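2 protein chains.
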Amino acid sequence: GWARAVRGLLLDVSGVLYDSGGDGGVPIAGSVEAVRRIKASGLKLRFCTNETQATREKFVKKLQGMGFDISVAEVTAPAPAACRILKERNLRPHLLVHDDLVPEFAEIDKANSNCVVIGDAAENFTYANLNEAFRVLIGMEKPVLISLGRGRYYKETDGLKLDVGAYMKALEYACDVQAEVVGKPSKAFFESALAEMGVPPQEAIMIGDDIVNDVGGAQRCGMRALQVRTGKYRPCDENHPHVKPDAYVNNLAEAVDILLQQL
Amino acid sequence: GWARAVRGLLLDVSGVLYDSGGDGGVPIAGSVEAVRRIKASGLKLRFCTNETQATREKFVKKLQGMGFDISVAEVTAPAPAACRILKERNLRPHLLVHDDLVPEFAEIDKANSNCVVIGDAAENFTYANLNEAFRVLIGMEKPVLISLGRGRYYKETDGLKLDVGAYMKALEYACDVQAEVVGKPSKAFFESALAEMGVPPQEAIMIGDDIVNDVGGAQRCGMRALQVRTGKYRPCDENHPHVKPDAYVNNLAEAVDILLQQL
Numbered sequence: 001g002w003a004r005a006v007r008g009l010l011l012d013v014s015g016v017l018y019d020s021g022g023d024g025g026v027p028i029a030g031s032v033e034a035v036r037r038i039k040a041s042g043l044k045l046r047f048c049t050n051e052t053q054a055t056r057e058k059f060v061k062k063l064q065g066m067g068f069d070i071s072v073a074e075v076t077a078p079a080p081a082a083c084r085i086l087k088e089r090n091l092r093p094h095l096l097v098h099d100d101l102v103p104e105f106a107e108i109d110k111a112n113s114n115c116v117v118i119g120d121a122a123e124n125f126t127y128a129n130l131n132e133a134f135r136v137l138i139g140m141e142k143p144v145l146i147s148l149g150r151g152r153y154y155k156e157t158d159g160l161k162l163d164v165g166a167y168m169k170a171l172e173y174a175c176d177v178q179a180e181v182v183g184k185p186s187k188a189f190f191e192s193a194l195a196e197m198g199v200p201p202q203e204a205i206m207i208g209d210d211i212v213n214d215v216g217g218a219q220r221c222g223m224r225a226l227q228v229r230t231g232k233y234r235p236c237d238e239n240h241p242h243v244k245p246d247a248y249v250n251n252l253a254e255a256v257d258i259l260l261q262q263l
Numbered sequence: 001g002w003a004r005a006v007r008g009l010l011l012d013v014s015g016v017l018y019d020s021g022g023d024g025g026v027p028i029a030g031s032v033e034a035v036r037r038i039k040a041s042g043l044k045l046r047f048c049t050n051e052t053q054a055t056r057e058k059f060v061k062k063l064q065g066m067g068f069d070i071s072v073a074e075v076t077a078p079a080p081a082a083c084r085i086l087k088e089r090n091l092r093p094h095l096l097v098h099d100d101l102v103p104e105f106a107e108i109d110k111a112n113s114n115c116v117v118i119g120d121a122a123e124n125f126t127y128a129n130l131n132e133a134f135r136v137l138i139g140m141e142k143p144v145l146i147s148l149g150r151g152r153y154y155k156e157t158d159g160l161k162l163d164v165g166a167y168m169k170a171l172e173y174a175c176d177v178q179a180e181v182v183g184k185p186s187k188a189f190f191e192s193a194l195a196e197m198g199v200p201p202q203e204a205i206m207i208g209d210d211i212v213n214d215v216g217g218a219q220r221c222g223m224r225a226l227q228v229r230t231g232k233y234r235p236c237d238e239n240h241p242h243v244k245p246d247a248y249v250n251n252l253a254e255a256v257d258i259l260l261q262q263l
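Protein chains in written order, with the UniProt record's numbering: chain A, 1 to 263; chain B, 1 to 263.
Any given hint could turn out to be false.
Which copy is meant is left open, so a pair is good if it fits within one copy or across any two.
[Stated by the list, open to error] In silico DSS-like pairs for lysine-lysine, Cα to Cα no more than 25 Å straight-line: (1) LYS155 with LYS142; (2) LYS142 with LYS232; (3) LYS155 with LYS61; (4) LYS44 with LYS87; (5) LYS244 with LYS142; (6) LYS58 with LYS232; (7) LYS87 with LYS142; (8) LYS87 with LYS244; (9) LYS44 with LYS58; (10) LYS244 with LYS39; (11) LYS244 with LYS61; (12) LYS44 with LYS155.
These are calculated hints, taken from the structure and not from any lab test.
Keep in mind it's a predicted model, so treat the numbers as computed, not measured.
Could you put the whole structure together from the sequences, leaning on the hints where they help?
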């Protein structure tokens, strides 16, 4: 059923290709080979990540170091999408992001800020930095908050960490404003990944570990979506009240096995 | 109209009696004398605060230092209310609160925590502490989050600060849980203040600077409520979509003038 008439794949990265950790992370068994097999099959492929703790360059280097066949040009990530929005709307951001993400905004005018961009700032989520971003927002006549994702939390080798979505909610509540989310699960983000791949949604499959942001988001764009039982997957995801994947697979390797048999 | 048949007053403290600041704060003009006049009049009086940056002892000392006639026994505050709940339900809290509030929980068993209590932790709202509170919550089969208030922000002499409500929202979202709010605007909190005063809601008036937490909360308990134009009051509060005070007064002194004329 789910593997019919596929021309393109969107892959989530963290939790599908590798498990992240403070020290870098480790590939998930079979995933390095699975990416090679997808590329050899002639299927279109795009990596679709909400990663905002590093520039795409640095992120891709880390994955290459683990053995993955991946290049910067194949990655759809929130920061470049946010930069397009900032330029289109003449927005000058106050950045609350990870130090390593700042270079993605190098060409953006940041003087005299008229919006706040929040990413997974990790150690930069200090009391002082949150208050500062809050003051910038509350001082605007009509606060504009752009959030690079809306994830709740993620797993690192040293434990679970609050993701950008939690801090986004704090600022939303304090300023009585609704953030504009760039990144998964936003429709515009999936659509730009599909456009970059040149495949319509009905011929594409998203594979991810996040039931809401990967699976639910992709399905709302008309794509099929699989949930892997790796990364942040939890058994209770299979009873999710709103989202039901087109299929579960134990890991990326199993999904690719099934897909390639159908081709 | 609003001053008829009154037997008891509930007073918010910060923004009504004084303006807070990193250095302690300053009394609002006329408020020291207004408290004395209420006491001399024979009206029942209770101070009803969401203050959670200090024990009641320390808080009352600060107010006495400014000249206010106030004692610990006259103060209704969230931490003691939370302690009653913790004891009743055999809850052992992981505390994410201000250092100076910790003594209020001295008699509470905190080993092997089975809930999280969050207050206005201020400088204790670090990335590490928020992640730790999150991990305690997400590790429970049914997460219990008790929040000492749900304020959005407050003003100190060095600027606006995010209040406990913003951090409560972050944890609520990350854990998909609803916090139980102790303190204003919770009905149970106002009711315990009324019980301590021995006055039914229809004979009591709340006076506060917070349109939602003071005025709206008290009105939902069947009390009348005034908003003062001091503290965090903003002119746009007078167009609030849901809450309409029984009256506005410029400050506590004006409210007391009108009240005492009616007696």
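Evaluation of the provided hints:
When the C-alpha separation of LYS155 and LYS142 is checked against a cutoff of 25 Å, the pair qualifies only between copies, where the shortest distance is 20 Å, while the shortest distance within a copy is 35 Å. Only between protomers do LYS142 and LYS232 lie at most 25 Å apart by alpha-carbon distance; the minimum there is 19 Å, versus 36 Å within a single protomer. For the identical chains of this complex, LYS155 and LYS61 are intra-copy neighbours only, at 21 Å inside a copy versus 45 Å across copies, given an alpha-carbon limit of 25 Å. For the homomeric pair LYS44 and LYS87, neither the shortest alpha-carbon distance inside one copy (29 Å) nor that between copies (60 Å) is at most 25 Å.
Within a single copy, LYS244 and LYS142 get their C-alpha atoms only as close as 37 Å, which misses the 25 Å cut-off; across copies the closest is 23 Å, which meets it. Taking identical chains as interchangeable, the C-alpha atoms of LYS58 and LYS232 lie at most 25 Å apart only when both belong to the same chain, with a minimum of 23 Å there against 45 Å between chains. Within a single copy, LYS87 and LYS142 get their C-alpha atoms as close as 18 Å, which meets the 25 Å cut-off; across copies the closest is 44 Å, which misses it. In the homo-oligomer, the alpha carbons of LYS87 and LYS244 never lie at most 25 Å apart, since the shortest distance is 36 Å inside one protomer and 41 Å across protomers.
With identical chains, the CA atoms of LYS44 and LYS58 are at most 25 Å apart within one copy only, with a shortest distance of 23 Å there and 66 Å across copies. In the homo-oligomer, the alpha carbons of LYS244 and LYS39 never lie at most 25 Å apart, since the shortest distance is 28 Å inside one protomer and 63 Å across protomers. Taking CA atoms no more than 25 Å apart as the test, LYS244 paired with LYS61 passes in neither setting, with 34 Å inside one copy and 58 Å between copies. When the C-alpha separation of LYS44 and LYS155 is checked against a cutoff of 25 Å, the pair qualifies neither within a copy, at 29 Å, nor between copies, at 54 Å.
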